[in-house]
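Taking the hints into account, I'd like the entire structure generated from these sequences.
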Amino acid sequence: DGGITQSPKYLFRKEGQNVTLSCEQNLNHDAMYWYRQDPGQGLRLIYYSQIVNDFQKGDIAEGYSVSREKKESFPLTVTSAQKNPTAFYLCASSSDYQLYEQYFGPGTRLTVT
Amino acid sequence: GQNIDQPTEMTATEGAIVQINCTYQTSGFNGLFWYQQHAGEAPTFLSYNVLDGLEEKGRFSSFLSRSKGYSYLLLKELQMKDSASYLCAVRGSSGTYKYIFGTGTRLKVLA
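Residue numbers (this note's numbering), protein chains in the order written: chain A, 556 to 668; chain B, 1334 to 1444.
Do not take every clue at face value.
[As the list claims (entries may be wrong)] Here chain B is said to cover these stretches of chain A; the calculated rule only asks that three of the stretch's residues, wherever they fall, bring their Cβ under 8 Å from a Cβ of chain B:
no. : stretch
1   : 598-609
2   : 641-651
3   : 655-662
For the record, the hints were derived by calculation from the structure and aren't laboratory data.
From the three backbone atoms N, C-alpha and C, an ideal C-beta is built for every residue, glycine too.
Below you can see the structure in the form of structure tokens.
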């Protein structure tokens, strides 16, 4: 079955540590995205990538970094520079040749204490 | 600037019809999307409008007016499982893969 996987579902870290969230898709989509969602809020774009080896900052990129070395994978690193990292992180992908809808992974809930 | 507005919360009764509105101001337009999100879960795609008019999909319909920067999602024959947040999103101009999301409308369906 085609889809997007994110792991782990829940992640706990101490303040000051970097943490990497994984995102893999087997939908053959070119574009991939990372969003952050805080309680009662909509989705805010962190980074997106339209093609391998290229990515663009979204609206809240500070304190985050990404890489896109393979079409299937778009990992997100939450660095110690991110002041409020505790949030629900969603990865998504989309195709430019179909309906353009975004497919979302199940999300990773990150808690930093 | 770019902005998408939706009501924060709505309440409706099981079996009723509810309309969730969305207004947008974006630089460029290449489609408007509605997603459903249950608490703690990922959003799932409901509908897509790129031309003016109504798109119907079972109990869900979505309407778009590009000249007014306005869309609505219509849910008919409400069921308890429809209690969720409904997110309106706009895709930017052709050539950009960026989507802008509203803050979502939390719908409570009461028995």
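Under a C-beta cut-off of less than 8 Å, do 3 or more residues of the stretch 641-651 of chain A approach chain B closely enough to confirm the stated coverage? holds (count 4)
Within the stretch 598-609 of chain A, is the number of residues with a Cβ closer than 8 Å to a Cβ of chain B three or more? holds (count 5)
Quick check: do three or more residues in the stretch 655-662 of chain A have a beta carbon closer than 8 Å to a beta carbon of chain B? holds (count 8)
In this structure, none of the earlier numbered hints is contradicted; all agree with it.
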